[in-house]
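> Okay, here's what each chain looks like letter by letter:
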Amino acid sequence: MQPTGFLAAAVLAAALLPAPAVAAGPAPLAAQGCVGCHGPNGGGIAAGARLSGRDAGELEAILRAYRANERPGTIMPRIARGYTDAEITAVAAYFAAIR
Amino acid sequence: MLRTLTRRASLGAALGLLAAPQALRAQTAARLVVVGGGFGGASAARFARATYPDIQVTLVEPLTRFVTCPYGNLLLGGYRQIGDITHSYDGLRAQGVRILHDWAAAIDPAAKTVRLRGGETLAYDKLILSPGIALRYGALPGYDEAAAEVFPHAWVPGDGSQTRLLRRQLEAMPDGGVVGIAIPANPFRCPPGPYERISMIAAYLKRHKPRSKVLALDAKEAFSKQGLFQDGWKALYGPMVEWVPASSDGKVIRVDPAEKTFESEFGVRHKLAVGNVIPPQSAARIVIDSGLADQTGWAQVDPTTLASRVAPDIHIIGDANNAAPMPKSGFIANNTAKQAVASAVAALRGAAPPEAVYFNTCYSHVGEEYGISVVNIFRAGPNGFVEVPNSGGVSPRGDLPEQRRLEALYADAWYASITRDMFG
Ligand SMILES: Cc1cc2nc3c(=O)[nH]c(=O)nc-3n(C[C@H](O)[C@H](O)[C@H](O)COP(=O)(O)OP(=O)(O)OC[C@H]3O[C@@H](n4cnc5c(N)ncnc54)[C@H](O)[C@@H]3O)c2cc1C
Chain A
1 MQPTGFLAAA VLAAALLPAP AVAAGPAPLA AQGCVGCHGP NGGGIAAGAR LSGRDAGELE
61 AILRAYRANE RPGTIMPRIA RGYTDAEITA VAAYFAAIR
Chain B
1 MLRTLTRRAS LGAALGLLAA PQALRAQTAA RLVVVGGGFG GASAARFARA TYPDIQVTLV
61 EPLTRFVTCP YGNLLLGGYR QIGDITHSYD GLRAQGVRIL HDWAAAIDPA AKTVRLRGGE
121 TLAYDKLILS PGIALRYGAL PGYDEAAAEV FPHAWVPGDG SQTRLLRRQL EAMPDGGVVG
181 IAIPANPFRC PPGPYERISM IAAYLKRHKP RSKVLALDAK EAFSKQGLFQ DGWKALYGPM
241 VEWVPASSDG KVIRVDPAEK TFESEFGVRH KLAVGNVIPP QSAARIVIDS GLADQTGWAQ
301 VDPTTLASRV APDIHIIGDA NNAAPMPKSG FIANNTAKQA VASAVAALRG AAPPEAVYFN
361 TCYSHVGEEY GISVVNIFRA GPNGFVEVPN SGGVSPRGDL PEQRRLEALY ADAWYASITR
421 DMFG
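Residue numbers (UniProt numbering), protein chains in the order written: chain A, 1 to 99; chain B, 1 to 424.
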């Protein structure tokens with residue numbers, strides 16, 4: 001894919017889409033941690049569950065439950081405890097917006 | 001297609017840096033040079049191209065194929081082949097990264113240039129430096145480059161020959177022999193790495209040479225995920241693994257490749273069938289030669305931007321910097337790469353850097369289907385990197401076979417994801 005294509009399309013997409021909620025997030029690079037295990041674009045890989053295209057409310061509720069120790073997990077509760085409300089909201093919105 | 005575009009749009013917006021088209025056009029010539037195409041450098045180059053298409057990215061890396069340190073221990077265990085951990089730069093090239101297979105020979109921070117061994121000089125607006133570590137040959141008496149052909153370190157990726165040499169030695173040794181591992185004091189690359197290596201070598205010996213043992217001689221008293229590792233060794237390998245802390249004469253003070261011995265502090269000479277020396281380390285030579293390291297041998301950086309404390313247009317990421325208490329891990333190299341690139345681009349555009357949050361998970365294999373992990377989240381504090389209180393931590397202890405099985409699977413997902421994130 002050509003860089004100019006990226007740029008034009010990105011600008012176009014930004015114009016056509018409703019402003020993603022993630023834009024307001026104070027630490028958007030939070031979502032970059034997730035792709036370290038959940039595959040490119042959070043699309044899922046091997047045992048790393050898919051995050052992309054899932055409902056933002058669902059993702060947010062799951063992350064909050066992990067953080068509150070209300071949902072058992074192998075590793076996610078330890079991870080979720082490191083993030084703020086705003087980051088959890090931003091991360092959920094970011095992955096939900098990927099189709 | 002649309003999926004990719006949407007991602008780019010939201011990521012760009014997320015970073016607050018997807019400016020109006022005319023602002024982007026005004027920035028067309030910005031030059032980002034990345035030195036080192038490993039965990040930090042490849043991540044930086046790929047992220048920069050994907051996120052800021054208007055920026056020119058040049059990557060300088062001597063190797064034409066990259067062999068990862070992560071999962072190298074699984075090769076020693078016999079669970080992976082070299083091809084499984086070898087990656088090509090074709091994906092980065094296809095993404096528009098200009099790749100020069102050469103060494104950076106000298107950096108001039110004032111002129112903002114990098115001179116390559118091949119003779120070319122590259123000018124940069126921002127430099128991302130991720131050349132990894134240097135092994136301090138000579139710091140451990142008897143251990144030099146020639147000795148590494150007898151006692152491999154297998155601790156820098158190179159072309160994979162060190163890891164393969166160690167594997168061949170394990171295959172060739174007679175049953176009943178001792179495999180010695182000399183482990184250095186902090187700080188060093190991959191704090192849990194030596195202990196995963198102990199585990200994977202023991203796993204191989206248990207299957208193929210069950211009368212042999214691993215003797216791990218450590219310059220420290222304690223180590224990463226210690227309780228979990230020791231539980232696992234006991235459960236899986238019993239007396240085949242002996243770990244000796246410094247206070248019990250674990251510190252190796254001299255190695256003798258001709259005699260095949262490690263000598264410990266109290267004068268004991270351990271005769272070995274195979275010896276693995278993980279030597280003391282510093283930042284890679286280019287960092288030191290360019291005056292970017294302090295007297296500790298590591299580079300000091302700003303915790304928000306990863307910019308060098310002595311050269312603000314050079315962002316030093318990965319194992320070469322002193323980011324304590326963050327570990328020298330591939331995951332941290334990958335995370336800091338993105339923050340460094342975003343900060344560099346923000347500075348070029350006169351904007352503030354994004355708020356930093358760094359994420360690390362280090363999985364280790366104690367057995368093929370026995371994984372453990374440590375999780376950390378860090379932020380930038382006024383005086384350095386700070387771990388978020390009450391977050392992260394290590395896997396629970398106890399007899400938890402399902403937890404261990406899942407963590408081994410999640411480790412595979414990590415490896416697959418992170419290498420895709422680096423190389424496409
Ligand atoms: C056995 C082992 C297991 C590990 N397991 C894990 C793990 O499970 N998870 C994890 O997160 N981390 C793990 N690590 C740690 C991880 O490998 C490092 O933290 C990571 O490689 C650091 O990235 P880097 O970019 O700083 O260096 P590297 O990945 O080593 O890359 C540096 C690159 O720079 C190049 N270079 C050096 N000098 C120059 C120069 N002058 N000019 C141009 N290029 C240059 C080198 O050729 C190299 O390709 C492990 C390490 C070891 C040894």
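Just so you know, these hints were derived from the structure itself, not from any lab.
All residues carry an ideal CB built from backbone N, CA and C; glycine is no exception.
It is possible that part of the hints are untrue.
Calculated Cβ distances over 10 Å to all of chain B for the following chain A residues [said to hold, decoys possible]: (1) Q32; (2) G33; (3) V35; (4) A47; (5) R54; (6) G57; (7) E58; (8) E60; (9) A68; (10) E70; (11) R78; (12) R81; (13) D85; (14) E87.
To be clear about the criterion: a stretch of chain B counts as covered by chain A if any three or more of its residues have a C-beta under 8 Å from a C-beta of chain A, and this derived list gives those stretches [unchecked claim]: (15) 228-236; (16) 262-271; (17) 416-424.
> With 10 Å as the threshold, tell me whether R78(A) passes as away from chain B on beta-carbon distances.
Check fails; 4 Å does not lie beyond 10 Å.
> Does the claim that G33(A) lies outside the interface with chain B hold up, using a Cβ gap greater than 10 Å?
Not fine: 3 Å to the nearest Cβ puts G33(A) too close to chain B.
> For A47(A), is the shortest beta carbon distance to chain B beyond 10 Å?
4 Å, violated
> Evaluate the condition: distance from the CB of E60(A) to the nearest CB of chain B exceeds 10 Å.
16 Å, holds
> Would the non-interface assignment of E87(A) survive a Cβ cutoff of 10 Å against chain B?
7 Å, violated
> At 10 Å, judged by beta carbons, does E70(A) keep clear of chain B as stated?
16 Å, holds
> Taking a Cβ-Cβ distance under 8 Å as contact, does the region 416-424 of chain B have three or more residues in contact with chain A?
holds (count 5)
> Counting residues of the region 228-236 of chain B whose CB is closer than 8 Å to a CB in chain A, do you get three or more?
It is violated, with 0 qualifying residues against the three required.
> Checking a non-interface call: every C-beta of chain B should be farther than 10 Å from the C-beta of D85(A). Is that right?
14 Å, holds
> Are all beta-carbon distances from R81(A) to chain B longer than 10 Å?
4 Å, violated
> Establish whether the coverage given for the region 262-271 of chain B by chain A is satisfied; the threshold is a Cβ-Cβ distance below 8 Å, and no fewer than three residues must meet it.
violated (count 0)
> Beyond 10 Å from every chain B Cβ: check whether that's true for E58(A).
18 Å, holds
In summary, the structure is inconsistent with hints 1, 2, 3, 4, 11, 12, 14, 15, 16 from the numbered list given earlier, while agreeing with the others.
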